[in-house]
Amino acid sequence: MNPRSFLQREKRRGEQNKIANRPILLVTYVITGIFLLMIGYICKFMIVDSQTVIANSYNTRQDKLAERVIRGDIVSGDGVVLATNQYADDGSYTRYYPYGNMYAHAVGYDKYGKSGVELTANYYLLTSNANIFERTAKALQEEKNMGDTIVTTLDTRLQTAAYNALGEGRGAVVVMEPDTGKVLAMVSKPDFDPNNIDDVWQAVSDGTAWDNSILLNRATQGLYPPGSTFKVLTALEYMRENSNWEGYHFNCQGEDTFNNVTIHCYNSTVHGEVSLADSVAYSCNTSFANIGTTLNMDSFHKLCEDFLFNQNLPYGGTYTKSSFILNGSSDKSLIPQTVIGQGDTQISPLHNALIMSTMANGGVMMKPYLVDSIENYQGVNVKRFSPSAYKRIISADEAAQMTELMKGVITYGTGSVLNTDAYTVAGKTGTAEYNSEGKSHSWFVGFSNVENPDIVVSVVIEDADTSGIRAVNVAKQIFDAYYQ
Amino acid sequence: MITVITIISQYIGIVLLTIYGWLCFSVFRSTDKTVRERKLTKQIILIFAVHFLWYLTLFLKTESIKILILYGAQILMAVLYMVLYHRYYPRSSRLITNNMCILLLFGYTMLTRLNFSLAIKQFLIATVTQILVSFIPWIMLQKLELRKHYYLYGILGILTLLTVFIPGNGLIHGISQYGARNWLAFELPYDITISLQPSEFVKILFVFFVASILAKSTEFRQVMIATGFAAAHIGVLVLEKDLGGALIFFVIYVTMLYVATRRPLYFFGCLSGVCVLGGFAFLLFRKQLFQHVMVRVQNWLNPWADVDNSGYQIAQSLFAIGSGGWFGSGLMDGMPEKIPVRESDFIFSAIAEEMGVFTALILILICFSVFIGFIDIAMRSKHIFYKNMAFGFAVCYIFQILLNIGGATKFIPSTGVTLPLVSYGLSSVTSTLIIFQIIQGINIITTREAEKIEREKEKILLAGESPEFSPTGKAKRRAKQNS
Chain A
3 MNPRSFLQRE KRRGEQNKIA NRPILLVTYV ITGIFLLMIG YICKFMIVDS QTVIANSYNT
63 RQDKLAERVI RGDIVSGDGV VLATNQYADD GSYTRYYPYG NMYAHAVGYD KYGKSGVELT
123 ANYYLLTSNA NIFERTAKAL QEEKNMGDTI VTTLDTRLQT AAYNALGEGR GAVVVMEPDT
183 GKVLAMVSKP DFDPNNIDDV WQAVSDGTAW DNSILLNRAT QGLYPPGSTF KVLTALEYMR
243 ENSNWEGYHF NCQGEDTFNN VTIHCYNSTV HGEVSLADSV AYSCNTSFAN IGTTLNMDSF
303 HKLCEDFLFN QNLPYGGTYT KSSFILNGSS DKSLIPQTVI GQGDTQISPL HNALIMSTMA
363 NGGVMMKPYL VDSIENYQGV NVKRFSPSAY KRIISADEAA QMTELMKGVI TYGTGSVLNT
423 DAYTVAGKTG TAEYNSEGKS HSWFVGFSNV ENPDIVVSVV IEDADTSGIR AVNVAKQIFD
483 AYYQ
Chain B
3 MITVITIISQ YIGIVLLTIY GWLCFSVFRS TDKTVRERKL TKQIILIFAV HFLWYLTLFL
63 KTESIKILIL YGAQILMAVL YMVLYHRYYP RSSRLITNNM CILLLFGYTM LTRLNFSLAI
123 KQFLIATVTQ ILVSFIPWIM LQKLELRKHY YLYGILGILT LLTVFIPGNG LIHGISQYGA
183 RNWLAFELPY DITISLQPSE FVKILFVFFV ASILAKSTEF RQVMIATGFA AAHIGVLVLE
243 KDLGGALIFF VIYVTMLYVA TRRPLYFFGC LSGVCVLGGF AFLLFRKQLF QHVMVRVQNW
303 LNPWADVDNS GYQIAQSLFA IGSGGWFGSG LMDGMPEKIP VRESDFIFSA IAEEMGVFTA
363 LILILICFSV FIGFIDIAMR SKHIFYKNMA FGFAVCYIFQ ILLNIGGATK FIPSTGVTLP
423 LVSYGLSSVT STLIIFQIIQ GINIITTREA EKIEREKEKI LLAGESPEFS PTGKAKRRAK
483 QNS
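From first to last, the protein sequence lines stand for chains A and B. For the working numbering, count along the first sequence from 1 and bump the result up by 2. For the working numbering, count along the second sequence from 1 and bump the result up by 2.
One chain only, chain B, in its complex shape (with noise of 0.2 Å):
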């Protein structure tokens, strides 16, 4: 009976998130307002209905109360937030909430499946972080100038790299893992270690570094500012060892760069720039900085002449998602243990194999779309600040996504990026929940312009003015003060 109830849930899950999927792309497509906001309310249903058949086949397979109540605290906590979220923020951009939260769902679903505690443990810095996130909106709203402080977010963001080099093992200091010293760890009493990844919250500063120094001026000097702190940031996670980090901090620049000049030439110039030192680098310093690149770019090409060593990661994400078929092979009945590292950079193989490689293709739609949201909102927003700040966070996002999936389904070579909101990871669900209360913030700050616009020209409108109307002396001056 229990079979049959959770292979019945596991094909109903499938075809409920496809009608997900795709009302995350069609939402785009309804300019009528109420049609949109129909769509996004029958997203919310979706989200629900998923997120029971998915614990409840847990609880099935495991009759363990726990999860209940775990299933029982989400509730309560996405009803919460999604009633008073939109209460506060009407003119927040639900397609985005409701994609974070599927995101989040599918993340707690796969780590309650693989590691009880992880689960609780990312549903509680999930929670918290949201609660103290949200008032990053509120925050924005208040006029604050943020993007005169250019220099202070450039300054700090390269200090906060810095710090992974503290040594020793005091207070807080530095960790090494993976051949690359890109961890802090703070030692708190009771023998409590918190460990962040400051890379993942410097490259929130870093877009608002870029977006706020290339706001001011495009210049060719202030290119050449925003270069030369661009490489000192990206220089300081080379030496980290850190080159998945560097590339992420790269491509933001150089796309950013690109979208503010409008200048094909400034994004050639940069890459060939990167080709001709990373040249330089590899002959310099293959020994120290290129060994495990080379190892991984090894791994991708041919994992299978090592499966035992060091092809053994990459060969168990590929047995996972092959194993497990196109529709899966039911939650509890794979074997995602297999996997190393299943519960951060792997996660994506882990929920192909028991969710199915399709579910794991809408899940890299439900990715795309919120990549599409964030371009969405800086197309819409008319200030250079934050267009180029919600394009920043869009690349951002957006690139992860590829290293991450691209990295576990061997499409490139495995870089150890985490798939962020789905992953576990305290700096990763941290930092990215920040990067979407921002985008929030922005979307706030556009639709409330854009709306302010719109009851003007109804005013206009209203008041039968024509444009052919001639505007008095006194309004000509005004005209010219304003221009």
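For reference, chain A alone in the conformation it holds in the complex (with noise of 0.2 Å):
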């Protein structure tokens, strides 16, 4: 071949090959960026995600981060310590709960599976963020670091107010920021001694402890029928079914039969002509069985739903989900009953507080979390958690409507113990049987002040025919400690 065509060949075999090169540029340019989206994802989980995602409670290596690190303390938002450590001569240590039973459920213990803030937040309790020339001094030396401090949202004032009002009773109390989610207060009671959760456990283990569910945390576990608190939910589905709600009026005769069940108003009470404000202030079953007849189960099932019944709860800690059955394939002659907050409806403390906060947050659910924020053992901020809203739920005008009625509980209704000057409060009462001989569980759920909310309180009391001590008492001494 001449050197004239060989070259001219080269030439155009050259540029051919060019255009067919094209494409594939193409494709690897747009491989390149998503391999870059994917390093940046990595990074991505590394710097913001990672430390959340380890913490969970399902992350069983962090059981080998004890190997070198001191577990830390745990400290109250007020600054008090409420676990350290206690150290041996030998150097080995048992872990402290200078305030004992107060905090048994809130803040756990550390052995057994861990419990409360001990489980959850076990992974910053086991990781060390002191000076970095310290942490690699101890490393060469294979000596254990200083673990981090957990700086909890739980308020003393409130705890002991809490602790002390619920007494001998047997139930529990939560208190919450309903704009915020941070929980101030958790009390269960029967309660136990952490610094003795070895004897505990044994007792517990081997049937012999005074009391067997004493290490249940009653605030997040313990289910119980809502009773009257759950015609809030009823009143809303009403709302929501109904605009012309304001005019509905019923004739309370203290007893009614609806769908072939005869309902009873509590000491079968006669309310009269009520409004669905005063059904609400006196906590008529009558006027709310009357209602109930009326309602879409389909819809009010999904309002339950909505509200996290049958659902996973937002919140970090062990729970157990509260239950609501009724749907529109139900039979009938369960509608009176459920409406009302009795049959086989079931819910947590934590979770009717969560409900009552949605009402006090203007319709938005926050999550609600004890762990404020992590510093290093010698107070130097690590991580801050910021509050963070679940979903809107209900509309703000919905949950203002259902504040205004809510308050007539405590201006005229049952829960008038709560009626003074020094706050506001809007809430809502609760009788809930739990068995056939008529014993109740009494139940208050409410926020203060209704203007500008700062507090919601949820109490549960077992039993409470039989201690003689009513939660609405109890929720009293809270706010009052907290306005005082």
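Source of the hints: derived by calculation from the structure; they are not laboratory data. Heads up, some of the hints might be wrong.
[Said to hold, decoys possible] Quick list of simulated restraints, FRET-style, between CB atoms: (1) B:A75 x A:Y43: 37 to 45 Å; (2) A:L39 x B:F30: 36 to 44 Å; (3) A:K20 x B:Q144: 29 to 37 Å; (4) B:L154 x A:L39: 45 to 53 Å; (5) B:P266 x A:L39: 17 to 25 Å; (6) B:L70 x A:V32: 31 to 39 Å.
[As the list claims (entries may be wrong)] Sample of chain B residues facing chain A (criterion: CB under 10 Å; computed from the structure): (7) F61; (8) L134; (9) A262; (10) R265; (11) L267; (12) I414; (13) T417.
Quantities reported herein were computed from a predicted structural model and do not represent experimental measurements. Yeah, the Cβ is synthetic: ideal placement off N, Cα and C, and Gly gets one too.
Please dock the two separately framed chains into a single complex, following the hints provided.
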């Protein structure tokens, strides 16, 4: 071949090759883009999400951390030490809880699978963010570093008030901030001393403990019939289905029959002619049973599920799901009991507090949390957890209307104990019968102040007739402590 | 003392790997051959250094002599391979050989740490395969007219995929795993069972098929025949419920089709066709086909909803990656044994936990450098068949990396694909090594041709012939015949 045509041919082949390579380049750019995205995603995971992910209590790797780090302290929001270590002469240490029983369920214990904040913040307690030189030096000497301190949202004043108010009663209290979701107090009784967790655990597993449910955190794991506190949701559903609900009226005879079921008002009190507001304020069972017969059960079921019945709660700790069974295809005779909070419905005190916070916070439910921030052992801030909204559940108008109705409970209804000049409260009382002998739990859920809510209080007292403690009185002591 | 040594080894290892990763890309920028060769030699030194540090740590932490023996055997094989292979194939791509070695090294180290007997098996599989597949470039250099037999590749591929439906417990039969029937077992004497994943090998035949059929012509009729065959392959994989495999074949096909035809229309046509068909299949066979796909998508969206059950794998993987942090817990100091299928599908998470996310990112860059190396060969090759093929293998390789690492990090839903050369697995390692050797073959052919052309050009320049040279009548005729 002559040189010229050879060079020309090669030049042409080179040009053709360039054209043929264009789509290859394009595909390569696209794939490069995807890989950059993936690398960016991994970096974002490491920088933003990984801390929360590995702090998950299912991450069993955490126990390995204890080989290199001394468990950090847990303190309350107002700086009081709730859990720390006591060192023996040989350098070994045991966990010490200065307040004993008072924080038994909220702070928990660090053995036997752990519980409370000891469980949910385990990773942070076993991570050291001490000075990097100190850490490196100790690592090289194969000495343990000091773990970080957990600053909880718990408030000693409210925790003490709640703890004392419950007294010898059985039950639970949850106090939280509706606009942030911070849990300020969490008490469950009967309780135990976490300093003696070895004995307690042994006794519970042997069945020799004085009460075998002492390890159960009733505030999050206890399920109770909601009783009349459930009427908040029934009233809300009625308001949704009837735009002229303000015209509702009913003549209460103290007793009536709906769908072949006889419903009594508490003590068979005759409330006479009542509006919807009166029905809430007096907690009139017959009026609510009457309302119930008109409700669309499928849409009521949906409302309850929007409020997280049968759903997971946006809560990081251990809890039990609440349940609401009724729907459009259920037996109609179940309706009258269910709409007044009896029947098969079950709820935890934490969940009831969340429903009330949603009302107090203009319809938006905030995620409840107990860990406010992480500090290294010398008090330098490492990480702060900010409040986050779970979801808007009802409109601001609906929340305001419901709040208006619940104000009546305090000003002229069943919660008049809380009618004071010191603060304003909106809420709902409840008496939940749990057996055929008429034994009942006492409930109160509500918030103060009505205009600009500070705290939500949710109280349940088991078997209130026997102990003589009423939930609304417990709530009063907590509100008093907050506003003193 | 041991702690001090292992911590220092850990960080030196990270620095050395970073340099290695940097060289992987700076090599492409060097136009000067001697500079490039020097960089590639540096890479080899770095591989041996990292190898030493990792096995030193493993030995100090376990004090097991077995590890030293394995280390020695690996060194011996690596030296023999690098010397002999390069002597016989001086035109092979050294970057690809280096990257192949370091990827195998990642796998060997992690498997030694996780499960020593698997590490031995992996070493034997890779070594024996390596020896056998070394002949592939030589075979490709023989004049075999590989591009002519596209129907053979297509039909053989489909038949091989169908073998997994062989029932019973005989000599050869299919097995189901994780809800998909995509394994083939060979029951050998002495109770030895060898399990292979036919789709790993059919991938190679498939790339051959698409490259050759579209190299012949890209007319509409030809494209339709190719699409028919591709649809048959993917159809069989869907019947096996191996939807990850079907996805890989689909991506290989559409990208190769686009590159060969240069028409985006075909690309989007195939894409929308699959969307429509997929939509119908979803509506009709929701229960039968898409049950575990939906579970996987759900676990991807929110693994925390069911950490104990369906979200377990991905949650454990994320715990591992997060707990290790940027620089890792150090070899033997993490808890990778908590990760399900850590030796194969989730080996990336185990590496990230103990060697650190930073090292894991370098691993991604090394894999990406392999891809760029493949693409570089595809772009240099002027033969449309080899160009198609090199590009097809590049996509096949990198897409698998994306599925594996993306799945382990929750970037995309997990599909149960291995990390080539790093994960344990007979089919995975063998088929990847075959691909690497085919690529080397293409590189050798392309380089040889380019050198020949360079020589011709030099000859012309030396003879002082100007481009304005006017050809004689005889030369003109010859040029006509040649064109």
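Results of checking the hints against the structure:
Distance hint check: the CB atoms of A75 (chain B) and Y43 (chain A) are about 38 Å apart, consistent with the given range 37 to 45 Å. Range check, L39 (chain A) to F30 (chain B): about 22 Å between beta-carbon atoms, so the 36 to 44 Å window is missed. The beta-carbon spacing between K20 (chain A) and Q144 (chain B), approximately 30 Å, falls within the hinted interval of 29 to 37 Å. Checked against the given bound of 45 to 53 Å, the beta carbons of L154 (chain B) and L39 (chain A), roughly 39 Å apart, lie outside it.
Our hint of 17 to 25 Å for P266 (chain B) and L39 (chain A) holds, since their Cβ atoms are close to 22 Å apart. Range check, L70 (chain B) to V32 (chain A): about 46 Å between beta-carbon atoms, so the 31 to 39 Å window is missed. Restraint check, F61 (chain B) versus chain A: the minimum CB separation of about 20 Å is more than 10 Å; hint violated. The beta carbon of L134 (chain B) comes no nearer than 30 Å to any beta carbon in chain A, farther than 10 Å, and the hint placing it at the interface is violated.
Annotation: A262 (chain B) was flagged as interfacial toward chain A, and the flag holds, the nearest CB pair being 8 Å apart, inside 10 Å. Because the closest C-beta pair between R265 (chain B) and chain A is about 9 Å apart, less than 10 Å, the hint holds. About 12 Å separates the beta-carbon of L267 (chain B) from the nearest beta-carbon of chain A, more than 10 Å, and the hint is not met. About 9 Å separates the beta-carbon of I414 (chain B) from the nearest beta-carbon of chain A, less than 10 Å, and the hint is met.
Look at T417 (chain B): its Cβ only gets to about 14 Å from chain A, farther than 10 Å, so that hint breaks.
Comparing the model with each earlier hint shows violations of hints 2, 4, 6, 7, 8, 11 and 13; every other hint is respected.
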